[in-house]
Amino acid sequence: MEGKYVGQAVTRIDARSKVTGQALYPGDFVMEGMLYMKLLFAGRPHARVLRVDTEKAESLPGVVAVFTSRDVPFNEYGLQYPDQPVLVGPPGDPEAARQLVGGGIGRDEVRFVGDQIAAVVAESEEIAAQAVDLIAVEYEDLPVLSDPRDSLKPDAPQLHPKYPGVSYHPELVFEGNIASRHRIRRGDVDAAFAQAAVVVESEYEIPGQEHIFLQPEAGVGYVDDEGRVTVITSGQWAHEDRHQVAHALGLEEEQVRIIYPAIGGAFGGKEDLSVHIVLALAAWKLHRPVKLVWSRTESIIGHHKRHHVFARARWAAAADGTLLAAENYVIADAGGYVYTTNKVMGNLLLTCNGPYKIPNVKTDVLGVYTNNIPGGAFRGFGAPQGNFIAEAQMNKLAEALGMDPVELRLLNVVQGDDPMPWGKPLPDDARGLVDTLIAAAKAVGWQQTEQGWQAPACAPRPGDPPTLKRGVGLALGVKNVGFSFGYQENAWAAIELRGGREIEAAVVYAASSDVGQGTRTVIRQMAAEALNLPLELVTLEPTDTGITESSGSCSASRMTFMIGNAIKGAAEAALQKWADEDRPARAEYTYLAPKTTPIDRETGYGDPNFSYGYVTVATQIAVDTLTGQLYFPKMACANDVGQAINPRLLTGQIEGGVIQGLGWATTEHFIEKDGYPLTKTLSTYLVPTIVDIPDELEAIVIENPEPHGPWGARGMGEMPLIPVAAAVQAALHHAVGLWYDAFPFTTERVLRGLKLKE
Amino acid sequence: MESVTFTLNGVPRTVAVEPGLMLLDVLRDVLHLTGTKRGCDNGTCGACTVVVNGKAVKSCTFPLAKADGAEITTIEGLAQGEHLHPVQQALVDAGAIQCGFCTPGIVMDLYALFETQPDAPQQKIDNVLNRHLCRCTGYETIAEAAHLAQERIKETK
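Sequences listed follow chains A and B, in order. Heads up: the first sequence runs through residues 1 to 758, numbered per the working numbering. Heads up: the second sequence runs through residues 1001 to 1157, numbered per the working numbering.
If you're looking for bench data, these hints aren't it; they were derived computationally from the structure. The structure displayed is predicted, hence computed values, not measured ones. Don't take each hint at face value.
Reference listing, derived: stretches of chain A covered by chain B, where coverage requires no fewer than 3 residues with Cβ under 8 Å from a Cβ of chain B [unchecked claim]:
{"#": "1", "segment": "52-63"}
{"#": "2", "segment": "323-337"}
Beyond 12 Å from chain B on every Cβ pair, some chain A residues (computed) [stated by the list, open to error]:
{"#": "3", "residue": "G27"}
{"#": "4", "residue": "D28"}
{"#": "5", "residue": "P91"}
{"#": "6", "residue": "G106"}
{"#": "7", "residue": "E125"}
{"#": "8", "residue": "S167"}
{"#": "9", "residue": "A457"}
{"#": "10", "residue": "C458"}
{"#": "11", "residue": "E504"}
{"#": "12", "residue": "R601"}
{"#": "13", "residue": "G657"}
{"#": "14", "residue": "K673"}
{"#": "15", "residue": "I702"}
Glycine is no exception: its CB is placed at the ideal position from the N, C-alpha and C atoms.
All chains, full assembly: derive it from the sequences and hints.
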């Protein structure tokens, strides 16, 4: 439903400040009397910290303080479960330590290279860095688990104590090194396999991925004029950051304040804390501003990655292509700590069977501790891995059946009341599945013939060298919008209308993290629309826990959906107050999304989500079989967005998401060996540059209104990335006749496959 | 201490700092011109690009000593009051800004290119943009912005 502002390509609120260098990012703040922090990272994957000697560091001129585990009041944190020490080492107060989860056992244990040991605060960054080198740590190295499959062996060392878990995360089982466990049991897969015409069985290795948001973690901590310990930093959910900081410092949440300025990208990589607690700790203890900026290498070592996944899949179909059974067994590398593993695995569970009618389903998904860098949130949140499994299986089944992959999907895709593997249909009519499939397929040359949909013949083009092979491929994707599994989704907004006879200004309060996607611009548009006011009259206050309630996380493609509904509610209430002659007329509103339920631990049955996004990526490929180089003449991404609030920002999300997916599929190879990351710089971890992108990238916007979305909008930020890898795999197969079941499809891997084929 | 004098955005400046610093360190940490960004430390990402004597350089690997006597332009020196430089305006108009952390570096590199070569061929523009990492946009809109800027600059020359 378009409006005066909804559906319009309004220029970003922050375009001018960003293009002139005036926008302030967390590392740009300078305060009177500011000190500088540097961290000592463990730099080893698994060890017990016996002793941390800070005496030499403390005596270096210019050093103000050195903080260790003894200084952290409540030495634990974690977005889903507090299994990570803030600073690793022996406890200061043994009584406080006993109150930590698991009785405080193992808080002196380093579990990945990025664990933090000490925080040095000094008059300059250089002095702080020198002092870090003067800290003497005595370690007892422990055996390293660097493969989650090894962590499952009976004789594997147990990396964490047996934690008690919590009722609201039943999937966090803490069985040995198994942090989380999910399953689906539906029908009888064995009986189905016995009568199937075609069975496709595969083993997949799906790589991790590093976010490479351009702005490495940074922040400034200080005590504000109301005595609150305050951190200006980047993150994705200011109120959750506040909660975790308060917990670790043993403070009330009201004593902690988090402010988000301009943020240089996140993509899930800033959902978990990085600099927040140590900055708050230092500012709280020293009562002086303290700044910490991570280098690129510190960022790569210090924050989580997309989960590296190992999967076995066995799917069966009848001769006419009807799916009969799907069996998936998935092991994901959770790394040293839980972070968001349990929820990422939940999404992987829901996506790894695709949006298809499958009467018999058996799925197991394990999130397993290792001594690698933790796995966690990254655009798609388990759906990209799940999608690769499902769509690779579908493309292989199409080949085995001699069917076109579009036809196979049309035959099996859920429609109307067809249940998903968890026993419930998708909550809307899910027309976006078929609509995006057809639109993307057509864009790269699929045609509808009398025999049904047919992939284009990919004959050599004039001028092609004989070593160049062409192909096409596609994949269909689905993912939830908003938080799942019984969490009552909510978002808060407030609007204050100022003026006398006429409204002269509307001030909007919302705690939404603008990580680059443009949420603050969209909020302003939606507020102007809901208030029926000129855009110029609407301003938006900063994201600051001191002046806002929680609007929830900028993740799960949820913010436009959730905050849009909150703004509609706040606008309506504020206009009513204005009519009642309140001056200023201020109203708050908390939107509650439709309820969801947890899924059953044994069967996976439940109603886990209230909204979904639908997407298809289709691509042409050209493979140079001499060099292994991949080219993409044309790629198309069709995305059902319900209603574009700002078409320009939305297309930017599609293009950026596809290229991030293309990087994951082709050039980005995050390598860890024995718990040590080998790709710690931008010159060894290769994200796409402008020469790596397709010659043509078509962003196709489809608008089937989402029944609960504001103005019909549905979440979309993650969707474009999700099917890219499976589409590339299929195109690669179409071109050279090989299924590459591990990626990234680097030139080396492509060539190796071709050599083996010969 | 090392004393270095240069013209920064049209204003003569002298800084006395520890030897061995890079130009980026001085811009950001000494002069507090934070529009120039640090995205890595080894000249890979391009976010720190500034213009020295008409040439785009990566200031994170540009020794301060080499800036002695130089004319330096940073992102803060490009707009004339409210009036954006055509390269800046083109990035705004093409919707080429998301998180914006790569933006200043791209602006400065395109600015230097079109100052010296308003007719720069596509290959040259691609080479310039290939020196910059952007993790948000997928580059489509940045390439569009470069074309738009070039057209507008050629019209005025």
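- [ ] Against the structure, test the hints numbered earlier, and report the numbers of the ones violated in rising order.
- [x] Structure breaks hints 1, 2, 3, 4, 7, 13.
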